[in-house]
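Numbering of the sequence shown is given in the working numbering, commencing with residue 202 and proceeding in unit increments.
Be a bit skeptical, because a hint or two may be false.
[As the list claims (entries may be wrong)] Here are the simulated lysine-lysine pairs, DSSO-like style, with alpha carbons at most 30 Å apart:
| # | residue 1 | residue 2 |
| --- | --- | --- |
| 1 | Lys463 | Lys247 |
| 2 | Lys233 | Lys203 |
| 3 | Lys619 | Lys607 |
| 4 | Lys518 | Lys409 |
| 5 | Lys247 | Lys233 |
[What the hints assert, rightly or not] Computed Cβ-Cβ distance ranges for the label pairs, DEER-style:
| # | residue 1 | residue 2 | range |
| --- | --- | --- | --- |
| 6 | Glu363 | Phe571 | 44 to 50 Å |
| 7 | Phe571 | Ala304 | 46 to 52 Å |
| 8 | Met202 | Glu232 | 38 to 44 Å |
| 9 | Tyr574 | Met202 | 35 to 41 Å |
| 10 | Pro229 | Glu275 | 30 to 36 Å |
| 11 | Glu532 | Asp458 | 46 to 52 Å |
| 12 | Gln430 | Leu485 | 29 to 35 Å |
Worth flagging that the hints you see were computed from the coordinates, not collected in a lab. Here a beta-carbon is modelled for each residue, glycine too, at the ideal position from N, C-alpha and C.
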Amino acid sequence: MKVTYYYVRHGETLFNLLGRLQGQCDAPLTEKGIAQAENTASALRKVPFSAIYSSTSERAMNTAEIMAAPHHLEVNGLKQLKEFSFGRLDGGYYSDNRRELLAHNHTDDWHDVGGEDLNDFSKRLKEAFAIMNADARDGDTVLIVSHGAFFGHLVQVLFHDESYIARISEDRNAKLLAIGNCEIARFTFEDGVFKDFIRPCSADAFRKEHHKHVQFYYVRHGETIFNQQSICQGRCDSPLSERGIEQVKATAEALKDVPFTKAYSSTAERALDTSEIILQYHHLKARREKRLREVFFGTYDGIYFEPLHNVYDLIHKTEDWSPYGGESPDEISKRIHDVLRDIADEAEDGDVILLTAHALLYRCILRFFFREYGKTYHGPLTSHGQADAPNAGIFPFIYDDGTFSKQSYMIDSETFRKEYVK
């Protein structure tokens, strides 16, 4: 029988952040730790897990639940997967116990402080794998969510690397062998033998190992009634104008031979209507995605631009709408990174994806995702009589093995025909 195991350490916790030893005591995930778990969960969403097991410590269970969501699996808690026990030193600051910690790491015997030694650990580790292997079928892939020191001791026991913990503790270069928060390690169990150990890597490094090319076309919705009236249109909505419908029809014609395999749209009706017109040629329906909604302008949503120019120009330079009840730059950046990452991770190699969304969200993608700011493209485009985000405009970009690349700025359908349609 062969079982493939993936091992993920929990996300960053409060004690990790504070530099405190964290064995069988517990501390909550930080916001960064939750984001780390979400990132790794997305990177692993295509791995066909048959089961997910976790340490019963809350920091591991919470991480595992995030990992399980894309797979619609329940998390099986096993006490045998809890962190190595450091006895009375558990919860103490590393800085206060350096000498004592180094001595115990060297001997790997924590009995004198009420903790474990390698024999204690080995017994419960083998109990855990006896349970998991008994439940598995030949060819299964299983995810384990556990802890940092647990992983080091696992390597010592299963792969007979008796100096693993000591090397990590004593040699700075050997820290590459350790497992970071939400990093991924892999190994197999076949015919009673553990083998094929692959050392830990980050979610981004894991993505680069798996070839995937995805073509994206981001389309801004057509002109709306509020666009005509120069009204700030963020989360508020208005219907496509007659001109806007014609703009989208022209874009639909330009894109009709593009072999779209998936489509996602902002939940705003102006974007959904735009996607429906484009997709009439493709026998697809766009999936509604709230994270593609326009930037939220707070109390400035639905207000005429004209009396706001000075304030609007100031806000537009910082993309900070939070003083007015809207989104902050961090909030905008996070949802852009999260939604594009998740869509790319969900895609298959060779997919061609349509995104229908909004103008300021597009500019924020350039700013927060591709690190391109308005001054680098707004002037050159407007000097040639081109809008920087035309209604029904098309923004092509690609994803290759974990990396996104911009192919051009947003262009109108006529320019797209000239440059991209053969």
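Hints and how they fare:
| no. | hint | in the structure |
| --- | --- | --- |
| 1 | Lys463 / Lys247 | holds (16 Å) |
| 2 | Lys233 / Lys203 | violated (35 Å) |
| 3 | Lys619 / Lys607 | holds (18 Å) |
| 4 | Lys518 / Lys409 | violated (34 Å) |
| 5 | Lys247 / Lys233 | holds (23 Å) |
| 6 | Glu363 / Phe571: 44 to 50 Å | holds (48 Å) |
| 7 | Phe571 / Ala304: 46 to 52 Å | holds (50 Å) |
| 8 | Met202 / Glu232: 38 to 44 Å | holds (41 Å) |
| 9 | Tyr574 / Met202: 35 to 41 Å | violated (56 Å) |
| 10 | Pro229 / Glu275: 30 to 36 Å | violated (22 Å) |
| 11 | Glu532 / Asp458: 46 to 52 Å | violated (38 Å) |
| 12 | Gln430 / Leu485: 29 to 35 Å | holds (32 Å) |
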